[in-house]
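Visitor: Those sequence lines, one after another, are chains A and B. Residue numbers for the first sequence, in my numbering: 1 to 336. Residue numbers for the second sequence, in my numbering: 337 to 672.
Calculated directly from the structure, the hints in this document are not laboratory data. Heads up, the beta-carbon is just placed ideally off N, CA and C, and yes, glycines get one too.
The following residues of chain B were derived to be distant from chain A, with all beta-carbon distances above 10 Å:
hint	residue
1	Glu531
2	Ala564
3	Arg584
4	Leu656
Each computed EDC-like pair below joins lysine to aspartate or glutamate, with the alpha-carbon atoms no more than 20 Å apart:
hint	chain 1	residue 1	chain 2	residue 2
5	A	Lys116	A	Glu148
6	A	Lys116	A	Glu184
7	A	Lys116	B	Glu427
8	B	Lys452	B	Glu462
9	A	Lys116	A	Asp70
10	B	Lys452	A	Glu91
Protein chains: 2
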Amino acid sequence: MTTAGTAFDVITMGRIGVDIYPLQTGVPLARVDSFGKFLGGSPTNVAVAAARLGRAAAVISRTGRDPFGDYCHQALREFGVDDRWVTAVSEYPTPVTFCEIFPPDDFPLYFYRLPKAPDLVIHADELDLAAVRAARIFWMSGTGLCEEPSRGATLAALAARAEDRGDQVATVFDLDWRPMFWTEGSSAARGLYREALSHATVAVGNLDECEVATGVRQPRACAEALLAAGVELAIVKQGPAGVLAVHRDGRETQAPPHPVEVVNGLGAGDAFGGALCHGLLAGWAPDRLTRFANAAGALVAGRLACSSAMPYAHEVEELLAGVTGRGVDPSTVRQP
Amino acid sequence: MTTAGTAFDVITMGRIGVDIYPLQTGVPLARVDSFGKFLGGSPTNVAVAAARLGRAAAVISRTGRDPFGDYCHQALREFGVDDRWVTAVSEYPTPVTFCEIFPPDDFPLYFYRLPKAPDLVIHADELDLAAVRAARIFWMSGTGLCEEPSRGATLAALAARAEDRGDQVATVFDLDWRPMFWTEGSSAARGLYREALSHATVAVGNLDECEVATGVRQPRACAEALLAAGVELAIVKQGPAGVLAVHRDGRETQAPPHPVEVVNGLGAGDAFGGALCHGLLAGWAPDRLTRFANAAGALVAGRLACSSAMPYAHEVEELLAGVTGRGVDPSTVRQP
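Just chain A, same shape as in the assembly (with noise of 0.2 Å):
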């Protein structure tokens, strides 16, 4: 597309590799029977749940030099997202990550990312900057700035945006924070979050990332402290409490979680980012915007599987105009 002289849509850059899910759920590993294969990594779900949603789509990252690697270029592929810049390392082989699935809100993750991710092998001298700046939205998350040289390169994108916003709708920080990716700590990420931030136009996060990023906890304090360390829309996730969004610009809006009842919560946050870009693409205002993404969310949450579980625009309609909305019990409800 970019050779076409025209800008993608949206870009993300990060960690990509292969769930491996259970295919039970409510059950430890140890009774899981059989599991499933599916596209994974936070901002490569977002690339995915971009496209389900219509737009034009690629990812920035690394795989092993591996059958799995072949696969989650062969994956993105069939969800119609762009792999000309995911490419293979021969050092590491290509993540895999297992789950436990305990709705309604409790999904542990176990990352096979040692001793290190092909996708924090990503090095600045070897992105397509050009792209990087004509993408409309460029999203990023947190863990690429856990280890160099991913963490070099991540800013180097981001410092790239910043240089000339020309036609660039939105660059997105996703607060994303894993500690157990981070040899260095929670203080060393703080002054890492805090140069992301001043050259990202959006945050988005819990409410744990968002103390790891401004160092309080109290929602509208977060927000207040994010849209201080540069940003012009800060997006605090509060669980059961809704979404606060507030903008520079004073607009701010409070959304209460879309009820669902949960099967699987991993992949709901992905869903909700790729409806955020989706929104932000749109022009939406805060308020229409995080009802989309919130719906978008509970979409997922409400299947087992993540990447392949994406949303396409009229489900996430539908869900909104109550077609296919479910009364549930209140305490099953989860937010992302």
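Position chain B relative to chain A; hints supplied.
Guide: Chain B in isolation, oriented as in the chain A frame:
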């Protein structure tokens, strides 16, 4: 068992982990839809195979402190294998292994054992050397020598066995050469293999493995070199050409492979190993020993699973008696 003053029939030492194997065969990982979960790790499978044949077996190994570690214990107990010497380490996850299944003879493995597998963190000073010494058969594998502290622990166990043979039946060195686990390369392995052979009484390996251990590759020369290095019985697996077993006392046999329609060749070598232990404990001559072990391997090669596919004695006897034998196209015959 040792607490009651009774020695184990078989103690194996080395790898343990979870095999995540395709439930579809003949397709690359990218096209596998679903996976099953099986206890894995060669010495672990040998213990399971021995237990299936009615022997009191135990494993010395380590897992991660995680749900897959819990599963290893649960599976060992279900198979009737004593797990008292399988302990957890906090630093590393329980290894997982994927494979591709291309019958009759291509079964690539994809190990997730980096940066270090828990089963390589076995310390010599934590071994129950009295139990190791008392076991009628002790079985270790070449992979246990690839890294410290497992290397020192494995050699310490072998040395303890050699100190006082008592009622021992055999100390088996499974040459098990996995170059990907050896950062130092095969030249480092040679010396360690020599040292282990000097304490072992039985050596078993295929031609590649025998070459690493002895420097020669011709089957008869391999057997002679292994005997010269210290063992009493050398077993050289030559694939379709069968198994050569040569005893120091002059008895020898060349057992043809047992014909089988191969479903998944993985695990067949471990079935051979468990059956070998069974036959050694029974005091069988090399001829009966290798025919029985070949048939046990053939049964597992004809099944999709590994550990859970280990045969019962009556199944092996029936196969040898021709009760369940099947005529197959010789071109599909593969011997573990």
